[in-house]
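Novice: Residue numbers (my numbering), protein chains in the order written: chain A, 1 to 384; chain B, 1001 to 1200.
Keep in mind the hints are simulated off the structure, nothing from the lab.
Take these hints with a grain of salt, some might be off.
[Claimed, not checked] Straight-line Cα separation of at most 35 Å, DSBU-like style, residue types lysine-lysine; simulated pairs:
#  : chain 1 : residue 1 : chain 2 : residue 2
1  : A       : Lys295    : B       : Lys1189
2  : B       : Lys1164   : A       : Lys359
3  : A       : Lys42     : B       : Lys1156
4  : B       : Lys1060   : A       : Lys378
5  : A       : Lys359    : B       : Lys1060
6  : A       : Lys189    : B       : Lys1060
7  : B       : Lys1090   : A       : Lys359
8  : B       : Lys1161   : A       : Lys189
9  : B       : Lys1164   : A       : Lys42
10 : B       : Lys1060   : A       : Lys301
11 : B       : Lys1090   : A       : Lys42
12 : A       : Lys326    : A       : Lys376
13 : A       : Lys295    : B       : Lys1164
14 : B       : Lys1164   : A       : Lys376
15 : B       : Lys1156   : A       : Lys19
16 : A       : Lys295    : B       : Lys1148
17 : B       : Lys1169   : A       : Lys42
18 : B       : Lys1184   : B       : Lys1119
In this text, all values refer to a predicted model and were calculated from it rather than measured experimentally.
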Amino acid sequence: MSEYVLMQGDEACALGAIKAGCRFFAGYPITPATEIAETMAKELPKVGGTFIQMEDEIASAAAIVGASLAGEKAMTATSGPGFSLMQEVIGYASMVEAPTVFVNVQRGGPSTGMPTKLAQGDIMQARWGTHGDHPVIAIYPSTVEEVYRYIVTAFNYAEHYRTPVVFLMDEVLGHMRESLYLPPDSELKSVPRAGESVLEDDDIFQPFIGDDQMLAAPLIKMGKSRFHVSGLVHDESGFPVGAAVDANRLLRRLDHKIRLHADEINICDEYMTDDAEILIVAYGSVARSALRAVKIAREDKINVGLFRPITIWPFPATRLRQLLKKTSAVIVVEMNLGQIVYEVSRLNRRSTKLELLSKVNGEMVTPQEILDTIAKVKSEVLDL
Amino acid sequence: MAVRQPHSVRISGIGGQGNVLMGIILADALVSMGLWVVQTQSYGAQVRGGLSYCDVLFCKEPIDYPKANNFNVIYSMHQIAINAHINLLKPNGILIIDSSYVTDIPKEAFRLTKKIVMKPISKLTQERFGTALPSNMVGLGIISKASKIVQPEALKRSMKKHIKEKYHKLNEEAIEFGISLVEKSYTIKEESREFIRGFE
């Protein structure tokens, strides 16, 4: 039997990252992500890793890109204000295909906002925060156990697709302590970094050649060989080029390596969606309020189901499109003024009734508020 | 099959009184008893002062919604806290008050419950140990005896995980002292209503 423990979300994020092979953390403390840095500072040296407190978030982000290209799995953690600062480097990491994990424990915003309160305002920023067309993977778990498991997935996706992965959390998830069975190490599989021994004597490491799946070659631990890295549009060798044909090839490949693999990347969770007439879409800690609401509504014989995207980006469109065909109404619950609701709306080709339950006062949406919305939608769509 | 609601405890005071540590130790003790537990907290941006509270939910089943609308036990360490939270006590819930900092019990309390334990916990701790620092451990002893939700041994084991070794003896005595302050124990009821139609 695995170990039964009480663990904080932030702590689970740090410990899970170390399990995934993270050996470099650069960050700047910020509520509600401070405990991730604290745990990393304490635990990383024990496994031969490096923790650096940087002068700010821009430097933190740049440091993990450097560490990653040099061969270590690397991560940083911040909250909204710091995530804004990191955007420039997230674009750079996309362009140079540096496997990195950016944790954003969301707080109320904009600006300094509400440091100790719950919000989910950074969903679109995770997708479009940095300039230019770029691929993104963003994962957003709901429980402390999921934080521990999916941070490993975040590192694996980062390595496999050679891309920055945004790991979204929120104040409740970060600060909450919760009991869980720690998954045994045998259940957590992580993609290892290969050493330079994969290169033969006269080989040049070609880090930006795409394979037939549009994926770049896996990064290796560096030492003897070297390669050029640039945020400018570059050719396969990494050197800047000005040719339109090269730019098109690079940008298409960067986009396709995520877009064409979306179904393979997507993770979502469902509860009683088989016969659901009303579908609730919720994610992160708010999905837990929705789960309770669905359970109560089912007691009252109302056919409600829950769809919970865990990979927020790329959005699990294929599955949601299937569900939308079967339901009479959809309720999107989010702690922002409406962000994922646009994704749902985009997929809603049959004009199924779409209702947004949004809350931005920092207090978690209650199951009762969701039940009230279910009752309202039920009377409007199903009863009349 | 009814939706099972977890039991809930709110520990509230002002920032700096140690209510979050109290909640963590209680939560860890409940985990060691094999229960599913969620502990959440709320505080402002300031380090000391201002309303601050820590909630512990526990259940025999995994917990979905991690917050509670109302509480089986409220432990209140400050007038500001009791004024803010009295209406969140479940009817017939257990109300524990540190009267060192609470002078007026809001009258709603007497409408909600008769199960009120009121002691000058911080003052008694100061007299007994020469310092008010272990007041929160005395409080945990009181919660343990008054509500029977947690075994004293589990509390002590958990306390030792979260507090430096040189303070173990003091805090162990503080928990015992808390237990000795309570004369009467109450039971928290299971709430679940079966729907019975009468024929199937």
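Novice: Give a verdict on every hint.
Specialist: Here is how each hint holds up against the structure:
{"no.": "1", "hint": "A:Lys295 with B:Lys1189", "verdict": "22 Å, holds"}
{"no.": "2", "hint": "B:Lys1164 with A:Lys359", "verdict": "41 Å, violated"}
{"no.": "3", "hint": "A:Lys42 with B:Lys1156", "verdict": "25 Å, holds"}
{"no.": "4", "hint": "B:Lys1060 with A:Lys378", "verdict": "32 Å, holds"}
{"no.": "5", "hint": "A:Lys359 with B:Lys1060", "verdict": "31 Å, holds"}
{"no.": "6", "hint": "A:Lys189 with B:Lys1060", "verdict": "30 Å, holds"}
{"no.": "7", "hint": "B:Lys1090 with A:Lys359", "verdict": "26 Å, holds"}
{"no.": "8", "hint": "B:Lys1161 with A:Lys189", "verdict": "30 Å, holds"}
{"no.": "9", "hint": "B:Lys1164 with A:Lys42", "verdict": "17 Å, holds"}
{"no.": "10", "hint": "B:Lys1060 with A:Lys301", "verdict": "25 Å, holds"}
{"no.": "11", "hint": "B:Lys1090 with A:Lys42", "verdict": "41 Å, violated"}
{"no.": "12", "hint": "A:Lys326 with A:Lys376", "verdict": "20 Å, holds"}
{"no.": "13", "hint": "A:Lys295 with B:Lys1164", "verdict": "43 Å, violated"}
{"no.": "14", "hint": "B:Lys1164 with A:Lys376", "verdict": "54 Å, violated"}
{"no.": "15", "hint": "B:Lys1156 with A:Lys19", "verdict": "31 Å, holds"}
{"no.": "16", "hint": "A:Lys295 with B:Lys1148", "verdict": "29 Å, holds"}
{"no.": "17", "hint": "B:Lys1169 with A:Lys42", "verdict": "27 Å, holds"}
{"no.": "18", "hint": "B:Lys1184 with B:Lys1119", "verdict": "13 Å, holds"}
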